[in-house]
Amino acid sequence: MIELRSVSKVYDGVAVVDDVTLTLERGTLTAVVGTSGSGKSTLLRMVNRLVEPTSGQVLIDGAYTAVIAAPELRRKIGYVIQDHGLFPHWTAARNIGTVPVLLGWRRADVRSRVRELMEMLQLDPDVIGPRFPHELSGGQAQRVGVARALAARPELLLMDEPFGALDPVIRAQAQADLHRVQRRLGTTVILVTHDMAEAIRLADRIAVMRAGRIEQFAPPADIIAKPATPFVAELLGEGDRAFRYLSLKPAADVARPDGAAEGAADGPVLPGHATMAEALSEMIWTGRDRVRIANPDGDPGIVTREALIRAGRPE
Amino acid sequence: MKAAPFVRLALWTLVAAFVLWPDLFAPLLRPLAPDGMPVIYDRARLADLTLWHLGLVVAAIIPSALLATALAILVTRPSGAEFLPLARALGGFGQTFPPVAVLALAVPVVGFGAWPTLIALFLYGLLPVLENALAGLSGVPRAVMLAADGMGMTPRQRLWRVELPLAAPLMVEGVRISTVIAISTAAIGSTVAAPGLGEVIIAGLNANNLAFVVQGGLLTAALALIVHDALGLAAHALKAHRRVTVAG
Amino acid sequence: MRGGIRLLFLPLALSPLLPFAVFRANRIAQGEPRSLVETLGAGPAALAVAALAGGIAALAFARRPAWGAAIAAALILGIVLAAGWGASSLMAGVPTQARVSPGAGFWVALVAAALLLIDALARMRPRPALRLALVGFAVAAGALLLSSGALSQLSVMQEYRNRSAAFWREGASHLWLAFGSFAAAMLAGVPLGIALTRRAGARGSVLGLLTMLQTIPSMALFGMLIVPLGWLAANLPAAHALGIRGIGAAPAFVALFLYSLLPIVANTVAGITGVPRSVTEAADGMGLTRRQRLFHVDVPLALPVIITAARIVLVQNIGMATVGALIGAGGFGTFVFQGIGQTATDLILLGALPTVALASATSAVMDALIGMLPGGAR
Ligand SMILES: Nc1ncnc2c1ncn2[C@@H]1O[C@H](COP(=O)(O)OP(=O)(O)OP(=O)(O)O)[C@@H](O)[C@H]1O
Ligand SMILES: [Mg+2]
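Residue numbers (the working numbering), protein chains in the order written: chain A, 1 to 315; chain B, 316 to 563; chain C, 564 to 941.
These aren't lab readings, by the way, just hints derived from the structure by calculation. Ideal placement from N, C-alpha and C gives every residue a C-beta, glycine not left out. There may be inaccurate statements among the hints.
To be verified - Here are some of the chain B residues that sit facing chain A, going by a computed Cβ distance under 10 Å:
# : residue
1 : P337
2 : S453
3 : G467
4 : M468
5 : P470
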């Protein structure tokens with residue numbers, strides 16, 4: 001559990017982080033979203049003490065971070081940054097092994113850990129391992145950066161716009177990787193991003209920042225349903241709010257059994273985990289007003305357009 | 316400049332032969348010597364003078380490069396940041412001082428002989444290394460520094476494992492510049508009685524014996540070219556594994 | 564001024580404890596140290612120390628770098644004036660062949676004040692126009708100081724008086740050597756650089772050759788050039804008529820010219836090949852001919868890089884021209900080497916100080932010019 005208690009950072013008389021109090025549960029992914037210069041990176045860096053708070057405390061699992069030597073603290077916390085910050089004079093493998101080496105692991109342990117991580121992130125250890133950063137593609141470098149951050153099995157991972165420099169396809173892949181890795185390892189993640197869609201897709205909770213303050217801290221559905229301030233609403237983008245909301249909920253929630261009264265809906269059967277947004281998209285594209293959706297426990301269910309539209313507006 | 320291995324070998328062989336058995340080359344130089352004058356410098360052996368020349372350069376440049384590197388490290392730490400603008404300005408400004416002036420002004424302080432030359436080489440050698448080390452150390456990308464801190468490196472670990480290796484090619488380039496200038500200044504050092512190859516050129520100029528001037532000049536030039544080439548190889552080896560240099 | 568730079572106050576404050584001047588019965592006699600009190604007299608010495616203390620206090624409280632620079636400059640002026648004044652008072656009533664030169668106290672104070680000035684200037688980060696103005700101001704102040712006679716009893720100035728005609732003559736040949744060879748190298752080097760941007764094949768070998776030339780120690784090149792130029796003079800009446808001789812200005816000029824080529828050619832190539840592709844493509848797309856593109860796009864954009872080479876070359880030439888004196892080319896080096904021969908520090912200074920001043924002023928002016936060019940960020 002990460003607790004920030006009235007944390008502030010003042011530069012030249014300006015509070016770039018202003019009295020922030022947050023509690024992040026273990027094993028969750030929290031996204032910090034906000035406009036440029038709102039203090040997201042500063043907030044993140046106060047967790048691993050790359051920036052020392054002007055006032056307030058940070059606690060990890062109940063322990064004050066301020067009393068732990070900064071290097072020791074940081075070795076237990078993974079850290080990923082936008083330009084990946086890989087060390088240009090070290091191979092990918094050596095980069096990934098940075099923290100284990102600093103911690104004095106045995107050489108064989110470091111080596112096997114590096115292999116394990118590279119395989120987990122779908123990097124071929126024998127091909128990518130001996131390469132230098134300038135010989136990697138953007139996506140590969142980014143994954144090496146993530147592997148490096150995870151090397152010493154940190155329980156907390158800080159990510160500062162980790163996908164900022166990636167093209168949309170690689171980006172989606174990287175997001176999926178993160179989701180998978182985070183669920184599998186149970187790591188607590190704080191993810192700083194500009195991109196509200198990314199936050200909605202990945203986060204358990206979203207903290208919206210503006211001018212150093214937290215405007216709203218809530219699960220994605222609540223953020224979409226009840227933006228606390230006009231700023232949050234604006235950040236969401238008024239236009240496709242409903243669609244965003246639909247993209248969060250499984251279509252199965254509004255499915256009814258495929259009753260005979262409905263008549264047989266033809267066309268393809270959507271997979272069971274399809275979201276309401278996907279169901280609606282399918283209807284629009286194929287010109288129907290109902291689609292079938294797979295049900296692992298029996299016959300496919302049926303989703304109607306009326307049901308989706310009703311569900312698209314929070315009560 | 317990378318001389319092809321063959322050219323390099325030929326140059327080395329030729330210089331070694333000239334230094335060890337200069338008389339072999341006497342016929343080539345004879346037309347340049349006035350009648351009745353010696354063709355090959357005879358007041359000291361060319362081999363000894365070459366060693367003296369190199370020795371002076373090495374004795375001055377090693378401490379000079381170490382001190383300059385230490386200074387560059389110092390002023391790029393938070394505790395020494397105060398002196399960074401001064402060090403930068405001095406590094407640039409000091410290089411407008413002609414090496415000859417530094418050499419000449421050392422004479423009144425320490426007298427004639429090898430010392431004024433050593434002092435001039437030492438002082439003048441500081442600047443290119445300082446300038447390049449500063450460029451190298453402050454040119455390490457911000458993201459890399461942030462990552463090093465973020466991984467939990469102590470300041471010392473960051474310096475030794477990240478900053479210095481990344482700045483090394485530029486620093487060696489600085490040493491290379493310093494050394495070439497030092498070889499040149501050491502030659503002029505012969506005007507203040509430092510032992511070295513400059514002595515041969517000066518003797519030739521004084522006695523109007525162009526054979527001396529040419530053999531001294533050729534050897535000094537060859538020495539500079541060889542050292543320049545060798546240090547270039549060293550700098551190249553240091554960055555062979557990465558294309559990206561960190562020049563600011 | 565704040566922080567560690569204030570460490571420099573210490574040598575400044577302690578400098579009055581060191582001998583301020585050195586007295587010699589004649590030009591090459593053993594020097595006798597003279598304290599500040601002995602040099603200036605008790606009253607003026609006390610005043611000087613008070614002024615120094617005031618200056619240090621003012622520096623300590625100076626908030627803005629500009630103030631710090633002004634105070635440090637004033638200190639330098641005061642220290643130099645005190646030396647001139649002290650020389651006059653020591654020379655009063657002693658035979659004219661006696662010499663007074665600045666002592667350790669003077670040098671320590673001067674260097675400390677100069678470092679404080681450099682630091683303050685570095686922090687000021689003056690705009691190019693202001694930098695030019697500052698150089699002009701410094702040059703004017705120096706000229707005024709020297710011509711006012713306030714320093715006339717210092718030994719360097721006495722050396723100057725004894726050979727003022729030679730001084731200006733050697734100065735002229737120094738300038739001719741340094742700037743003339745630079746101009747020739749620009750005329751040859753820039754077109755060569757432009758040609759090399761079109762012949763990538765020849766580029767490596769030409770630049771390699773120029774690097775080799777640049778690596779050859781100055782004395783070696785100056786000396787060895789005597790041979791071909793002497794041959795020319797002996798066998799080509801036209802060359803002889805042009806004043807080309809084996810010994811003298813010709814080999815020095817040629818050597819400086821050769822040394823100048825590498826920076827100019829290399830930077831011309833780098834400047835032009837560094838023009839962004841998008842720009843050259845846009846120029847081609849708008850239908851500029853090759854020549855038009857060269858003169859309207861490539862060269863203007865490469866100008867800051869080329870002028871940077873000009874700065875490097877000028878500073879290098881001014882310094883290296885001193886070596887020319889060894890082969891009879893004249894220049895300020897003449898005094899330096901004469902001074903070395905006679906162990907006469909003042910004579911060495913007479914050659915070295917103008918060289919250093921010339922090089923520093925040229926470097927500062929060129930830097931400012933580069934800063935004034937559009938796109939010449941520095
Ligand atoms: N070391 C520093 N000194 C002074 N000001 C700083 C410092 N670091 C950050 N700031 C200022 O604090 C504010 C917040 O910066 P921060 O990097 O936290 O913003 P951010 O939300 O991460 O922005 P972005 O999305 O652009 O990365 C900015 O106005 C920035 O200029
Ligand atoms: Mg940021």
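Status of the hints after comparison with the structure:
Of the supplied interface hints, the one on B/P337 is violated, with its beta-carbon coming no nearer than about 45 Å to a beta-carbon of chain A, more than 10 Å. Because the beta carbon of B/S453 sits about 16 Å from the nearest beta carbon in chain A, more than 10 Å, this interface hint is broken. The restraint placing B/G467 at the interface with chain A holds, with a minimum CB-CB distance near 3 Å, inside the 10 Å limit. About 6 Å separates the beta-carbon of B/M468 from the nearest beta-carbon of chain A, less than 10 Å, and the hint is met.
Restraint check, B/P470 versus chain A: the minimum CB separation of about 9 Å is within 10 Å; hint holds.
Taken one by one, the earlier hints fail for this structure at numbers 1, 2, listed in ascending order.
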